[in-house]
Every structure is written in C-alpha cells, then in structure tokens.
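Asks: Chains as they are written, first to last, in this note's numbering: chain A, 764 to 1154; chain B, 37 to 250.
Honestly, the hints are just simulated from the structure, not real lab data. Be aware that one or more of the hints could be misleading.
To be verified - Here's a subset of chain B near chain A, in silico, CB distances under 8 Å, partners left out:
1) I188
2) V192
3) P210
We put the beta carbon where it would ideally sit given N, CA and C, even for glycine.
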Amino acid sequence: MLPLHTSATVSDSLSSPLLKVLDLPEALAGWFPFKRIAVRVPADGPIIDIEALRAVGFSAVVLDRPLPQGERLPLPALHSLRNPSVVSSGDVIRVHAGTGQVAVLYRRGANANNLFVTEQCNSKCLMCSQPPRNIDDRWRLSEIFDLLPLIDPDLEQLGVTGGEPTLLGAWLPELIRRCKSVLPKIRLHILTNGRNFEDPVLADSVADGVGVVVWAIPLYADVPSRHDFVVQARGAFEATLKGIYSLVERGHSIEIRFVLHAQTVPRMERFAEFVYRNLPFVSHVAFMGLEPIGYAKVNRASLWIDPLDYAPALERAAWYLHDRGITTSIYNVPLCLLPRSAWPLARQSISDWKNVYEPECEGCTERPRCCGFFASTGPAWRSRGIKAFVL
Amino acid sequence: MKKRNWAEYLKKVIRWSAPLTATVSSIWTPAPAGGSSAALPSISTPPEKVQPITFAVPNRIDGPDRFAGHSSHSSHSSHASHSSHSSHYSSSSGSYYPSTPPAPPSPSYSAPSPSPSETYRPQPPSSIPPRTPEKAPPTEGAVPSTERPTQIEAIVMTTRAQLELERLGHYRGPIDGKMSAETRAALRAFQHAQGLTETGAMDKATLAKLGISY
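Chain B extracted, bound-state conformation (with noise of 0.2 Å):
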C-alpha cells in the first residue's frame, strides 16, 4: 500500500477549510473589513479610566418602575408597625418550637413480631409541625407588583443599591437604607459614569446597572 503523504494531506484540509472559516467569521464576528486583520485591543496600553465590572442584570425592563420614585427620607421610628412583625416569633408563645410536636413514631420497632398482622404498619404523620410559613420574605420575593412598594421592601431596596454603591466606590456613607442627599448624590454620580439619565433614583435602569434584580 502507498504510504500517504500527510503533510500533503493536511494542506489540502486547510485549504478546504480555509472558505469555511472565513464565512463562520463573518456571521459571527461582525466582519472588522478587513478580513483577517482585526485588530485586538492591545493590552499593555490601560485605559485612561479603570471601570469596574458591573453586570447589568435584566431587571424586568417591561415592569412596573417600582423604585424610581421612592424618596423617603423618614427615620425607622415611623416603621414601627414593622417591629409587631418582626417580633412574630417571639410574641406567639416564648417557645421557638411547634407547639405540637411531631406523633410518637407510633409502637416503635424493637423485635420483629413472628406474625405479619401484628407488625408495626407505619402510618401516615397525624400532625405534622405546623410549616413555618416561610415563603413570603417582606419582598415578596420576586412577584412583580405594581403597587407602591412597601416602607420595608423601600428599605431593602436602597439598602442594596448602597451595597453596590459602596462597593464600586461612589458612596461613602453609611449604609442605612435611608435615600439621604449622599446616596442621591452617588446614584447620579454612578448614572454619570454609566452614560445613564442622572435622576438620582433607583429607576430600572439603574437599579439593572448595579445588578440588583427584584
């Protein structure tokens, strides 16, 4: 049998291929026009200014604009409605724990009876612990609600977007989930150098800027 000349052969491949590659280049980079030239961003020359990385998540973008308009300045004491509820736990009985406590797992196992009628049939729990009705957090989790948003979930919201602030360095207050004059002031100054409208409010678009989803 001929021996096969496989540098020959890879030749032909890549001169087969070579079409191929260039029509997938050019569906899926948009074509730099000249071809195969594209020219990379150098990476030894910085930027003139360092941005830090900032996923925008998509915040619902066709949803209500909950946040935008939240401007309460008030201290907590006008919350204190709030405290009846944080106290549920505490206030039911002193005891953390369900008040009914689960069935005795009924004649527990020990020997195995010699007659299969008279061995234990396990039955289904009679009283179950009451769940703790978890599933609803003051937010509301991630139900999009029209409505004005709560004094709490306001709370929660500013709080997080001055996390975020914080974090890329446009706020250096303290973080307190009040929308004091210093976190307007950050908002419109991370609105500046995102190329956002400078409102000064937790609108969608920023709050999306910041990664803070709800």
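If we strip away everything but chain A, and leave its shape as in the complex, we get (with noise of 0.2 Å):
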C-alpha cells in the first residue's frame, strides 16, 4: 500500500499550489509548462545549479536531503518527506505551504486515479465509503481543471468519484469536455447513482461522454424497498433505473455495482435475474466486497456478513450473468473466501494505495492474483476463512 498523503517541510512560499513532479530531464522536454513543474533534485545525482532552474521558470525543486537550517537555495524547496515514496517523478501533488501537508493528485502508472469532484450526496447509503457533506466544495472542480492538463496525456484511465458527480450539473459535460480535449485517450469510470438522469434534459446534457464514459451505477436490490432502504432515499430504486434506459437510450454504456453485504445479499441471485431480463445491456455487472470504512463502520451490526456465507450465492449469481453475455467481475473479495469455480470471475481490483496482505497471506502461491483486503479492514471485518494457499 502505497498512501496518497504525506507531509514535507516546504522552504517558501510556492507559486502554485498545483505542481508536477519531474525529473529534470523531462521537465527540460517542455512537455508542461515550466511554471508549473517541481523538479526533482536527488542527492546522489549530478550537482545541478537551482539558480539555472530558477532562470528557466521552474516553480520548486524537491530534495531527498534536509536542508539544513539557514540554508536558501533561489527556488522553494520541498524537503524533509515522511514517507518519500509517495512522492514520485510524473506525480501531480498538491502543497499545502503553511502546514506542509502534501496530497497526491495524480500518480503516474497507479492502477487507478480518481477526480474527487464533490462531497455531496443525494442518497446516504448504509455502507458509504465516502460520508457525504452538504457543503459548497465547487473548489475541487476549479482544482481539478487545474489539474487535468498536468495529467500524462497519454493516460487512458480516469475515475471520476464523490460524492454524486451529477450534482455538478453543466459542469459535469464540460468536465467530460475537458478531460477528452486534454487526454485524447481518455475512458472516463464516473460514479454516479444516476437518479438525476432521469430527467432528460441532463441525460442529454452529457452527450459528449458517449464512447468516452462509462458510468458506473449501484443497484442493491430487484424490488423497490431493498435498494431504496439500502441507499436511504425513498424512490432511488425507480429513479435510478429511470436514470440508466434514459443513458442507454443515447448510446451510454453503464456498469451496475453490486456491494455485498447482509442487506443485500438476501437478494443476489434474484437481482441478477432482474438485471439479466430488464437490463439485458449493460455492459458490466460488477459484485464488490465491502470496504469497512465511513458509514459502514456504524453500521457494522446490519451489514457484516462473512464473505464465505455469502460466496456460494455469489458465484451462482455471477456466473448466471456472465453465462447470458453479461460481462460479469467479482471485485474485492480475497479468493480463500470464493470456490474455485468463481476464481476466473474475480479481479485484482483494490487501488494500490488502500490495498494490504494479511499476516497468513505470507507465503500465499495466489498472491499475486488476488485483491487483497481494503487497509481499513480491521479484526471486526475479518472473515473465518482466511488463509495462504500452499505448495
């Protein structure tokens, strides 16, 4: 696991808060624009002068040295890491300047990176990951703006998360805009609960995200009452299906998202008839373990399940949809908890920066096939039937 945050000891004042890491090889390139690049200056390198990076424009250097105390070199300087990895050469970081917090916007070749666009929410589902806020963040989407053409332009995948991205409203089609014209290769992955497309004119409003975006949608139940007490919103249930046929019907691809957990999984193998007869096009149907974080914590009592109680349902359910053309994904459920039979199905999914190995995992021949667990997994969420699989 490789976090996203650490702190840093930062000389100066910075220009930007907003800045990419490069070495300074690349940074020369001229590939971003040199106000805005932090170059790395490693110790063991070749002496490099900070005033020549100062007269070319560079923002900052940053050290894997201490400064020493008095010493000012003509660029701010980032130094003094706790934990130096998580910082690297192509990041785009965030500065905080007066408490020396450092936030990893973009990682370069992470299996994931996500835009975080807003802490509001229009449903409070029971197994949040990500309590929502009721408060005016539209500062991160001027950040991310900031931020997308200091992305590698070559990257292909984006995930977009929140919060409920269609709060954004006009803005969401033009982030969509902006990420295709500042990453021509760009698949968007937007979370969305999708009630809010049920009303056309914002179904319409997103055309440009046709071939581009895949949206990716819970559904927890085949009946009303289910998913909307899953989710805390009366109604969820019939907007969000609402939501998908009117994405559908202008040529949307979507991937429904099952999370396992007591309250829902009474109700798998029926959901997936349900999705097999009424949602016959969608392009992924994805069940994904719980990650035992935000509301899920509090509700511990009426969501845990373990997931070896639930594995031979789930396999049923899975394969019953990949059978019938269905694209079908097992996500976040260790594979010592699922039969063999639904191995193929599961995937090596957790983002890197939030993914750990358990003390049996040592010495585990499937490893390097597994998800692993979420690092928020603690002794309440552990399941019975851990263990390595040996030679």
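Once you've looked at the hints, go ahead and assemble the two chains, each given alone in its own frame, into the complex.
Replies: If you want it as structure tokens, here you go:
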C-alpha cells in the first residue's frame, strides 16, 4: 500500500499549490509548463545549479535530503518528506505551504487515478465509504480543471467519484469535455447513482461522454423497498432505473455495481435475474466486497456477513449473468473466501493506495492474483476463512 | 483411407519453401556473400571499447541549426527579465485560483419536482474558470523557429545537453545551463566518440546523437 498523503517541509511560499513533479531531463523537454513543475534534485545525481532552474522558470525543487536550517535556495524547496516514496516522478501533488501537507492528486503508473469532484450526495447509503457532506466545495472542480493539464496526456483510465457527480449540473459535461480535450486517449469511469439522469435534459447534456464514459451505477436489489432502504432514499430505485434507461437510450455504456453485505446478499440471485431480464444491455456487472470504512463502520451490525457465507450464492449469481453474455466481475473478495469455480470472475482490483495483505497471506501462492484486503479491514471485519494456499 | 506419411510430407514442405526462404533472405538481409554462413558477431568477445547506447533523434535535419551558435558564458543575472515571467502567477493577486469560481450549479438537484416544466435545466456554464494559458512553455513547444534562441531556450538546451553528456560520462561539471569551457570540452569529447565534426557546439547532428529533439 502506497498512501496518497504525506507531509514535508516547504522552505518558501509556492507560486502554485499544484505541482507536477519531474526529473530534470523530462522537466526540460517542454511537455509541461515550466512554471507548474517541481524539479526533483536527487542527492546522488549530478550537481544541479538551482539558480539555472530558477532562470528557466521552474516553480520549485523536491530534495531527497534535508535542507539545513539557514540554507536558502533560489527556488522554494520541498524536502524532508515523512514518507519519501509517496511522491515520485510524474506525479501531480498539492502542497499546502503552511502545514506542509502533501497530497498526490495524480500518480503516474497507478492502477487507478480518481478525480474527487464533490462531497455532496443525494443518497445516504448504509455502507457509504465516503460519507457525504452538504457543503459548498466547488473549489474541487476548479482544482480539477487546474490539475487536468498536468496529467500525463497519454493516460487511458480515469475515475470520477464523489459524492454524486451529477450534482455538478452543467459542469459535469464541461468536465467530460475538458478531460477529452486534454487527455485524448481517456476513458472515464464515473461513479453515480444515476438518479438525476431521470431528467432527460441532464441526460442530453452529457452527450459528449458517449464512447468515452462508463457510468458506474449501483443497484442493490430487484425490488424498490430493499434498494431504497440500502441507499436511504425513497424513490431511488425507480429514479435510478429511469436514469439507466435514459442514458442507454442515448448510447451510453453502463456498469451495474452491487455491493455485498447482509442487506443485499439475500436477494443477490434474484437481482442477477432482474438485471438479465431488465437491463441486459449493460456492459458490465460488478459484485463488490464491502470496504469497511465510513458509514459501514457505524452500521456494522446490519451489514456484516462473512464473505464465506455468501460466496456460494455469489458464485451462482455472477456466473448466471456471465453465462448470459453480460461481462461480470467480482471485486474485493479475497480468493481464499471464494469457491474455485468463481475465481475466473474475481479481479485483482483494490486501488494500490489502499491495498494490503494479512499476515496469513505470507507465502500464499495465489497472492499475485488475489485482490487482498482494504487497508481499513480491522479485526471486526475478518472472515473466518482467510488462509494461505501453499504448494 | 490411406494413412498419410507426415514425415515425408514435412520434408516436401521444407523442400518447397526452401527456395522461398532463400529469396526472402536475399531481400531483407543485404546478402552476405556466403549465403547461409552469415557470420554472426560472436557474443563472447567484448568490443575493445564499450559504447553507451545513444538514440539518434531525427532532429529536423532539414530545420534550422538554432543552437550551434549559442555561446553564452554569461551568468544568469542577465536574465532578470525572466524573473517577472516566472512570477507571473504570484504577481496576479496572491490567490492562485481563478478569480471567478465556477458558477453555482444553479438550483441544485434535490427532490425531482413533479412537473416536468419545473425540473432543473442544466445551463451552459456561464463563467468558465479562465483556462490558464499553459500551452506555451518558454521553449515554444516544438515549433521550429529560425529565430535565434531566447536566453531561456539557450539555458534549457544547454542544460539538456549537459545532462545527457553527464549520463554518458563526458561531463563532470555542474548542471548549470552555462556553455562553459567544460561543457564545450564535453561536447568535443562526445563528438569525437561519435565520429562527428568536433565543433564543441550544440549543432543539429550532435543534439540528435544526444537524443535531444527540439
């Protein structure tokens, strides 16, 4: 697990909080604006004249040695990182000059990069990993617009998450357009509850996303009562279904996400049949293990079920859909908890910044193919079935 | 049905295709006179001098030779004009963010209202945060220009050359973007090693051999 945050000492005030971290040869190649670049100056490399970097117009330097008290460089320096491996070449970081907080907004080569667009949401799911807050956080969107030109332009996958992205209203299509224009190869994976697409006008407005966006929409049951209960919003089931139809009508591609916990698994197989009968056009169905964080922690009593106990039903539901031509995946459930027949559908999925393995996993031969565990998995969420496969 | 003798068949196939392979090899390999006995360089004997791999970049060979004449020994203090350039961001207002925040996503979605006429209509963003003019780094990107390089372009190119020369072991001095005597000596050493004209300058051929494109 490589976290996305660390702290550092910043020697001077920075001209911009968002910086592209690059080694000098790449920084000089002119692919990114000099004034947005923090140049890495490794101690074991050749001696680099910081004054020359200032003359060229670079914004800052990142040192891997502490800067002695009283030593002043011609450029603001970021040094003494608490966890130096968090920041590497190609990343885009946000530096809070006052506190020295460093957040990685884009990590080169990561298995997942996400744009977090808003904390607001119109649902309140029992197991929400990112509890919504009703605050004005439009600054996030300005920051994202600022971030996009610093992302490696050949990036192919980018997630958009929240909160509920459709609450951006007219800014959502604008975001899609900007992603497309700066990142020509991009495929966007946008997590939304889809409810607002019930409105044909909003559905029309994201036309630029056709062929570029996969709308990842959660559906937790085959009946309204259960789904509405899980998302804690009356009428959500109907609105979500209308939203899905409304998007599909306009040529969009849809992924259905089903989070596995005690409130959803009893209807899982009927859910699978419901999807096959009513939403056979979806491009992907994802069954996802629960991330024990956020609201899930508070609602553990009503959510916890040992994955070992739902695994047989999960295997049937997943293959039911897959056999009927709908690509189906199982995420976030370690292989030792799944019957072997379900393994072909299990994906190694958890974002590398929150992925860990248990001590038991030491020596397991299947580890390279296994998703492992969320870093947040505490003892209360441990399955009784965790074991290592040994030769 | 008669059982086929596959071994015999295979021999036939090889016989048919043999002339073809001969033709192909004569096209694709500049015919080593001895035919099949093309002598592969033996792997065991090391070359007397190890050559670092250098990728030659097609450096707009027909383009202008912009950096050959660059001979700035000057210190960077003469580039004071650039400091105003680099402070472009901070000088604006202290605040980095665009002064106009995105327009509120007007009546934010709450409960869908029953009447379709009253539902929220997404409006085109009325004030898009000004897109920062990022497109033109001081090197003017890849646009070949016949003009003399600007001071910044010259520093950038000299620094890039120094980095490559250092990597290849020809340069030991500081990476400072200055066309110092040491840098020229390193360029000459590199040009000598590559069999180029020893000019001690960043001409096109040398930059191309260093893998630097502009």
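Asks: Could you run down the list of hints and mark each one as holding or not?
Replies: Going through the hints against the structure:
no.: 1; hint: I188; in the structure: holds (6 Å)
no.: 2; hint: V192; in the structure: holds (5 Å)
no.: 3; hint: P210; in the structure: holds (5 Å)
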